[in-house]
Amino acid sequence: MRHLTLLGFLALAAILAAVPVTASNEYELRLFMLFMIYGVIAVGLNTLVGLTGLVSLGQAGLFALGSYTGAILATRAGFDMISASIAAAVVAGLFGVLLAYPTVRVRGVYLAVVTIAFGIIVENVAIEWQSLTGGTTGITSIPSPNAFGVRLSGYAFYGVLAVTLFLATLGTHNLKTSRYGRAMLAVSQSETAARALGIDATGMRTLAFVVAAVTAGLAGTFYAFLNAYISPDIFTFSDSVRFLLMVILGGAATTFGPVLGAYLLTYLPEFLQQFALWQKFAYGALLLIVMFALPRGILGTAGQFLKRLRPPARGVDTAGAIPAEESLKPNARAQDAELVARDLTVRFGGLTALSKASLRVKGGEVHALIGPNGAGKSTFVNTISGFYRPAEGDCELDGVMLTGKKSHEIARIGLSRTFQNTELFGDMSVLENVIVGCQQRLSYSIVDAVLRTPRMRRQEAEARRVAIGLLAFVGLEDYANDEARFLPFGLQRRLEIARALAARPRLLLLDEPAAGLTTQEIDDLEAMIRRIAALGISVLLIEHHVDLIMAVADTVTVLDYGQVIASDSPAVVQDDPRVIEAYFGTPLDLSEKAEAVA
Amino acid sequence: MTTFLQYTLSGLAIGGIYALVALGFHIMWSAAKAVNFAHGDTLMIGAVLAVLGVDAGLPVWLACLLSVLAGGVFGVLLERFAVRPFLGGATSIGWMLTTIAVGIMIESLATMQFGGFSRPLPSPGVAKAVHIFGAGVYPQELLIPVVAILAMLGLRALQKRTLVGRAMQAVAHDKRAAALMGIDVNRIVAFSFGLAALFGAAGGVLVAPVVQASATMGALIGLKGFAVAIIGGITSAPGVVLAGLAFGIMEKFVEGYISTAAREIIGFSMMILVLLVFPQGLFGKREVLKV
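Respectively, the protein sequence lines represent chains P and W.
Residue 55 in this note's numbering is what sits at position 55 of the first sequence, and the numbering runs on without skipping anything.
Just remember that this note's numbering sits 598 ahead of the position in the second sequence, which is counted from 1.
Chain W with its partners taken away, still in its complex shape:
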């Protein structure tokens, strides 16, 4: 029972990170039918900059805030210079490779600045573990899934209540029609990429105290975030959050009972299987092909 609870709680923590990353993929995909393929590196930027900020003597909260904002700026710039020139092309090879290229460059820059090793971000959230029915977790870990769910609810409120949110939905539905209604589609897409990057960088700041920040931390988390987005259905925000949390829990159990290699095998096989059976994901909307 304790083991079960332990795995579930730590699974929810890492799952919350996947959910935040996947939420970013959802936002980008909705706006542009394109994503930052190196979105994991946005998460890395958040984590690494926060650690560097603390190094520079900033208080933890300020370092975190600034690094999340920097992540957002990165998202906007990336959309403008790496994604937008390739939108509307016949294939997705263009923006896929340019964002991968930017990812490679960012990662190598981070390695140079940060060194090739991992460092934890100091946080009050990991000062002392709490025990719930014998399972030990840090308050930070409990915080992560809560933030993921709040982010999803916040996104929903944004889409329902604000002008920019409604514009995002209009663009997601039909770019041309949105443009004809006077919506500046490019700005909405840029805003979406910025918002997605904010979520990603926030995920990095949240996870850095738990798993340690490093220049290479983003790659695998980013890929898993995309896998989660596909499993949950990239068109559904609640879907990807739910899938993210479930994926995290699944991972902890497989890791605990078998091995880390088996964790990757099972996780990614699951993604392929879901895609074959439900091409639009478990909770996604079907996109009708018109001849």
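Next up, chain P with everything else stripped away, as it sits in the complex:
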């Protein structure tokens, strides 16, 4: 696959270099330049659609914003094309941040409508703000392309566009294969799990929006210079649909798909002209056909086919891997992690799920939290890991207050968790899942990512070695290249543990890890928990399985009706009458409780 990508970039460069030599007339060249402008928009939009899975149907608005910014700066302030395009990219980028903000609250179709509304607003501001934009007549007399005071020839302008398209494709490809792209994919597949691994979901979505906006802004200015004239009716909703279709048709999340899609959809209107009246109909029909026949796009489908033809080796070579004992070694800190929860109270409407629950996980111990169904165990877990806010009480890890922090911040402090219903990144490989967990070990910047600096490569290589070591730790090295969703259930649970460990936790929270496992698997799990504790990681185990708890737990805390009713060593708790009552009830108390409930 890596060789194919390299080959793809060489082919792209060759095509971009060959076209101006072979183009027979100016019209052909101009059309190709239009394609390159659309290509820049499409590769940027791909970061948003392909990686974060968000739909923008307002890309024409950002394109218009870039176009107008560039045109106004060029006609009024005498900017040359290069500085105007940079300014336009900055302006569009700022609006990208603005557009990303609603994703904090809404997703999916709501977000799509927000972006559509944004496009309509931009279009109408361009009409209304006549003194600046020329209203419906638009902006004419945009100077011919120039750079640093020199007028660019047609070929030089072509060169600028070709280089921009090539670099945009390369840059977004590098971003995709870096920790940023991986985090975006993780957020789109399971936001909950991504946040629990310390990934700032909102930050990643904002970054994706900014990438899509900056490229659209750049492309907008180039378009204004190519056309020498812009008006509000050039940037409509149907253009936004077309930009999105470019990405989907070519293959969302693939490196060259958007470029291919942009090429096809630039030349398609030429081809469809022979259908005369049916042109628009054919366009709609094509969109429909793509959605049904090629939902992964041309290159996405081709890539899948290739994978089936020559499947990669399932396992991975563990030579050179960093063993878990080494990668999880505590970095020179005085004590083991101690979690203290004080008087946590959580209410859902009128229901009190947790009522003044207090708990202390001593450093380095395995602490089990048990209780009948509905006792508030999951609420407790979700509260300390930052997914729910307690109404009262707080909790801290080694004296660092967790309450009030966001879940990804809590993860960064050193609390990792698994989920009762496994939350894997299903479309990623087993190994990639664990590498996502390594996110916090990687510190290279976005510039490192886009440029693929040695610093980035070194850190990535190390994260990979750590991840392989962790796979070996849980015994999954032979499945490393499988897609996570195809793993058998028992192995999915192990993968979740490996992924949580990759985040280098000081406290590991296991939410019903034995649920659905076979007896043999539970025995393996027991051994694994012991090995984890031996590494100096405190474990909070939420479980139903009594044998497992009695075997591994140092302390057991029992929850019932949201209250802690016992907390002691397993042997003591086992004989506690209140615990027995909570689980089995007693004839006498049963009637009392029935009254209390009524």
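These are computed hints drawn from the structure, not numbers from a lab.
Warning: the hint list may mix true and false statements.
Ranges between beta-carbon positions, derived for each pair [claimed, not checked]:
(1) 27/P with 732/W: 58 to 64 Å
(2) 874/W with 131/P: 40 to 46 Å
(3) 867/W with 445/P: 33 to 39 Å
Built from N, CA and C at the ideal position, the CB exists for glycine as well.
Since the structure of chain P is already known, use the hints to place chain W on it.
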């Protein structure tokens, strides 16, 4: 005072259309957590077919009835072939794009059949304007908001009193549980899309005498209908109707005092703001996220 009343009355008319369209979005969303993104084109189908029917010599009432029914059939077909295959996917890109695609195709077909121009639908409702305290309106315009409110009350009666209505509510609440109770979820979803399309096409027939029918009339009304549904809270039928009427009145005032471009800017900005402050809309129910 006259101007004020004039704007309010004409605003209620267009607002009634938004309310009808938004009610359709409410019905579809409740049933499937998906909508026909080109729902505005259902409205266009209603209007354009009615005009073509009158052209063909049908009496106005029959042309209107048939075109509304045709709209309903369109809704059912669209659900079956463009929406259902993509339900349950991880993202909403699928049905969003397929319904947009169908919208593009329908619009281009309508342009070919109807020509690229606008035509009014003859109706007794616009024969003569009536004057209320100096404000001139057509009876047709007064009729529209009344129909919108009746549609909302009718929907409520359907949901409270009939088996199919209760099944709709069950499906809206929890698809799986509804299926386990023996409800044919697919049929309820198809029925909901059909009903939504009936409302949309009826809106088209109602508005055609006032604003003229054209192949492209649906796009913007559809988007505004969705905006209204979001503002009112897509889970609340009375909410979207109220928001629709208010949105229509707001539009007329902005249009009257500033400009049509400002109307779109303010309208859609309002939608974004409401969404940021009340993600579930002004009257909608909050959907709890469970980890």
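Hints breached by this structure: 2
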